[in-house]
Amino acid sequence: MTATVELHHVAKRFGKVEAVRDVSFDLPEGETVALVGHNGAGKTTLLKLMLGLIRPTAGSIRVLGDDPSAGEFTARRRLGYLPESVSFNTGLTGRETLAFYARLKREPMRDALVLLERVGLTHAADRRVGTYSKGMRQRLGLAQALLGAPRVLLLDEPTTGLDPALRQSFYEIVQELRGGGSTVLLSSHALTELEERAGRVIIMNRGVKVADGTLDDLRRLARLPTRIRLRVADGGFPHVSNWLGPISDWRRINGHMIEIDARPEEKIDILRRATGDGAAVEDLDVFPPTLDELYAHFLRSQEMAP
Amino acid sequence: MRNVLIVARKEVQEGLRNRWVLATTLLLAALALSLTFLGSAPTGNVGVRALDVVIVSLSSLTIFLLPLIALLISHDAIVGEMERGTMLLLLSYPIARWQVLLGKFAGHLAILAFATLLGYGAAAAALAITGSAIDAESWVAFGSMVGSSIMLGAIFIAVGYLVSALVGNRGTAAGIAIGIWLLFVLIYDMALLGILVVDQGQTVSGSVLNALLLLNPTDVYRLFNLTGFANVSSFSGMAGVAQGVTLSLPVLLAALAAWTLVPLALAALAFSRREL
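In the order they appear, the protein sequences are chains Z and U. Per UniProt numbering, the very first residue in the first sequence carries number 1; after that it's consecutive. Per UniProt numbering, the very first residue in the second sequence carries number 1; after that it's consecutive.
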């Protein structure tokens, strides 16, 4: 696998603010990577660095073989970018706008119109962009990012403003591009936004990379407890510790429910005991750690570090 | 080169859409026509050299109006697009920043040239139709007046870009643009006149005056049009100045070109260093 985007010890400061500190990662072909972090975590700064809109204070960047900070831009023909809250000149129509961007990428208008159809804007193609709703502008933004079958797609908060149906077709397009060997970088302020679609997650906090790996990797690293909820039969409470065994972390929720925070290695044991003979359990629910909890864990762990 | 043309085409398209082209053309045509017909009242209907009179009045109009229009179009070309967020997307495309700037320049200049040609052309056509006798020399003078007017517009477009590339927001750009207009069109000449009167020719020699005039593009334009052609200068009352000033037409033309190229190059430099 060759890397399409490479960052080596990249730092960027704006005056006194260190927006990005010593960030390194490679993005290989055919991978969907989520870049997650709060507002101000440095996501947009990283994307702008990859585009050469700003220059790094330290470190080096390569995008499809180009050094963007040196003003090299030939590779940008194979690069798609959707800025956060994309805006267009309001005076031109959707078709004219897309035609302009297609010309800059030397793409035939035919293909541009296919994309317009694909994001469901054909009916509004001859209306001025000024009359578009936010969702429509976002769709036009997506269409321009997809021009020229990009090998690298940088999407800054791409699904904000999209309705569920369009979100679905957006992820289908992303899937298809990845199948064709493109690198897709999705930035988002919450992991849940991405609905487990990214193969790999990079978590940023205050300009520092705090986690990098597949969701499974991150779950293993975080060692977050799985929540198990048991509905105990009437009168079963006094004997809970008899059949459940010695568990430190359990609490009563109400008259007939208890909740256990099970560490990964004790999870199976607990479930076995809870469903074994003599356990006064009527019902049972298992909640694996959510993406939000996972995300919060990594943010916390970095903040506690010096 | 192709990128430059693509951007230029889009600027013209936008200019047509937001009525800049229409408004500018109508304004220039209306003012040119009224100057043509009202302007002949004080000189009497002499019948000859009518076009030369028009050249004098139109070049005064140009000095006031074209820099203003040019600065209005250009002052937010860069900072405005940055504030609206459209520049971010444009620069993620395979296009160099100088190409963006040059494309905008070509587009804006095309708009201004179209409006000037049509507006001033209407005045000349009206004169020809109403039966004034116009000789070849007058036509040449008129042609160079229109051409140099477009060059004056180009200068202030370039200056506007320089402001736009340097400042942080649109409001500041607009303020500075108005300041520049006031400086070059009104204040500079008044100050120069004041200095000449006070000095009484003691220290300000002819060559110093030449240099001072070259430092203001509107003065270069004025000299080019009002002293360059004998008939015109006699009408404009600039014949006296013309004798004192020893700047030849090529020098004036070169000054106009330099006034375009230097700000444009500086704007490209400032824009290329800018982070957004």
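Don't read these hints as lab results, they were simulated from the structure. In this text the structure is predicted, and so the values were computed from the model without any measurement. Errors might be hidden in some of the hints.
Claimed, not checked - Here are a few chain U residues that face chain Z, going by a calculated C-beta distance under 8 Å:
1. 6
2. 13
3. 114
4. 170
Said to hold, decoys possible - Computed footprint of chain Z on chain U, listed as stretches where at least three residues anywhere in the stretch have a Cβ under 8 Å from a Cβ of chain Z:
5. 23 to 35
6. 189 to 195
7. 212 to 221
From the three backbone atoms N, C-alpha and C, an ideal C-beta is built for every residue, glycine too.
Structure-inconsistent hints, enumerated in ascending order: Hints 3, 4, 5, 6 and 7 are the ones this structure does not satisfy, whereas the remaining hints hold.
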